[in-house]
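Number of protein chains: 2
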Amino acid sequence: MTEPAFQDYYPEDTAHCYGCGRLNPQGYHFKSYWAEDSDDSVCWFTPYPQHTAIPGYVYGGLLASLIDCHSTGTAAAAAYRLEGRPMDSQPALRYVTASLQVDFLKPTPLGPALEVRGRAVEIKGRKVVVETWIQVEGEITVRGRAVCVQMPETMRSGGD
Amino acid sequence: MTEPAFQDYYPEDTAHCYGCGRLNPQGYHFKSYWAEDSDDSVCWFTPYPQHTAIPGYVYGGLLASLIDCHSTGTAAAAAYRLEGRPMDSQPALRYVTASLQVDFLKPTPLGPALEVRGRAVEIKGRKVVVETWIQVEGEITVRGRAVCVQMPETMRSGGD
Chain A
1 MTEPAFQDYY PEDTAHCYGC GRLNPQGYHF KSYWAEDSDD SVCWFTPYPQ
51 HTAIPGYVYG GLLASLIDCH STGTAAAAAY RLEGRPMDSQ PALRYVTASL
101 QVDFLKPTPL GPALEVRGRA VEIKGRKVVV ETWIQVEGEI TVRGRAVCVQ
151 MPETMRSGGD
Chain B
1 MTEPAFQDYY PEDTAHCYGC GRLNPQGYHF KSYWAEDSDD SVCWFTPYPQ
51 HTAIPGYVYG GLLASLIDCH STGTAAAAAY RLEGRPMDSQ PALRYVTASL
101 QVDFLKPTPL GPALEVRGRA VEIKGRKVVV ETWIQVEGEI TVRGRAVCVQ
151 MPETMRSGGD
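Chains as they are written, first to last, in our numbering: chain A, 1 to 160; chain B, 1 to 160.
In short, the hints are calculated from the structure, not lab data.
Among the clues, some could well be false.
What the hints assert, rightly or not - To give an idea of the interface, some chain A residues facing chain B are shown, with a C-beta separation under 8 angstroms as derived from the structure: (1) N24; (2) I54; (3) P55; (4) Y59; (5) A64; (6) D68; (7) Q101.
From a predicted model like this one, the values you see are computed outputs, not experimental measurements.
Cβ coordinates follow ideal geometry from the N, Cα and C atoms, glycine included.
Between the sequences and the hints, there should be enough to build the whole structure, so can you do that?
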């Protein structure tokens with residue numbers, strides 16, 4: 001992918017997320033895009049060798065992290081799209097997760113790149129509901145659902 | 001704490017979890033215990049400085065990871081307790097997460113130690129449902145619910 005990712009448009013003061021912040025030097029730098037083949041969003045990530053659940057399988061916390069970040073990214077992109085404006089326009093739209101559901105359908109093999117897909121299924125006011133699924137070598141191993149809400153301005157001050 | 005943690009009893013071939021495996025040198029080494037003041041289980045963890053959501057707050061993926069690992073640990077400990085036998089007795093009981101729900105009630109400040117509490121609310125056959133909550137400086141910021149199931153023997157071979 002050569003075009004910018006959703007996360008590349010995040011305002012600087014909200015771009016330090018351990019999962020997807022471009023300004024977090026120790027983070028994972030998850031990157032989300034619109035898929036070329038559908039209206040889904042997509043993110044690819046190859047887990048590190050230490051991301052073990054038990055030997056041979058991916059750690060569930062990493063899978064939850066991927067779903068979390070890809071969902072908030074998809075929420076933002078979907079909200080911009082609904083408003084018919086590009087992601088570098090103002091005011092910036094940035095979402096946080098209020099509620100996260102992750103169903104581990106089967107163990108996810110550790111080694112290959114994971115493909116995370118997402119779809120905004122509801123957009124209402126400050127809330128976007130995003131459904132996600134993770135597939136590896138053509139098989140869906142995890143399904144997620146996140147309720148994302150527009151980040152309160154109070155959070156952006158870095159605390160009270 | 002000087003007594004062994006729940007995770008210290010995990011069989012060697014299931015002790016490499018990135019969240020709580022004592023044999024994963026790069027992992028977080030989450031440790032769960034029975035609380036001294038109640039029937040709850042408890043786990044303390046101080047996030048690293050890079051575990052940022054946005055500056056000042058803890059990354060949701062780490063909070064989900066804590067809930068995931070503390071839930072499977074609590075599931076095992078509760079199942080041993082129900083059977084009236086110690087955690088170093090055989091056969092070993094080891095759980096994985098089938099389904100994870102995390103509600104982020106409010107932003108979790110980054111800096112102080114987090115206290116994760118857990119309680120097995122249902123034990124039936126191979127399934128244990130664990131409710132959890134994370135508190136920091138006396139305030140609950142996150143609530144979780146995990147459906148844990150006894151690890152299938154097929155997983156312990158490290159894949160097919």
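Verification of the hints:
For N24/A, the suggested interface contact is upheld, since its CB lies about 6 angstroms from the closest CB of chain B, less than 8 angstroms. Below 8 angstroms, beta-carbon pairs count as interface contacts, and I54/A has one with chain B at about 5 angstroms; its hint therefore holds. Taking 8 angstroms as the C-beta contact cut-off toward chain B, the hint placing P55/A at the interface holds, the least distance being around 4 angstroms. Residue-level restraint check for Y59/A holds (minimum Cβ-Cβ distance to chain B is 4 angstroms; threshold 8 angstroms).
Nearest Cβ of chain B to the Cβ of A64/A: about 4 angstroms, under the 8 angstroms cut. The hint holds. Given the 8 angstroms rule on beta carbons, the hint for D68/A holds: about 5 angstroms separates it from the nearest Cβ of chain B. Interface restraint check for Q101/A: the shortest CB-CB distance to chain B comes to about 5 angstroms, inside 8 angstroms, so the restraint holds.
Of the numbered hints listed earlier, not one is contradicted by the structure.
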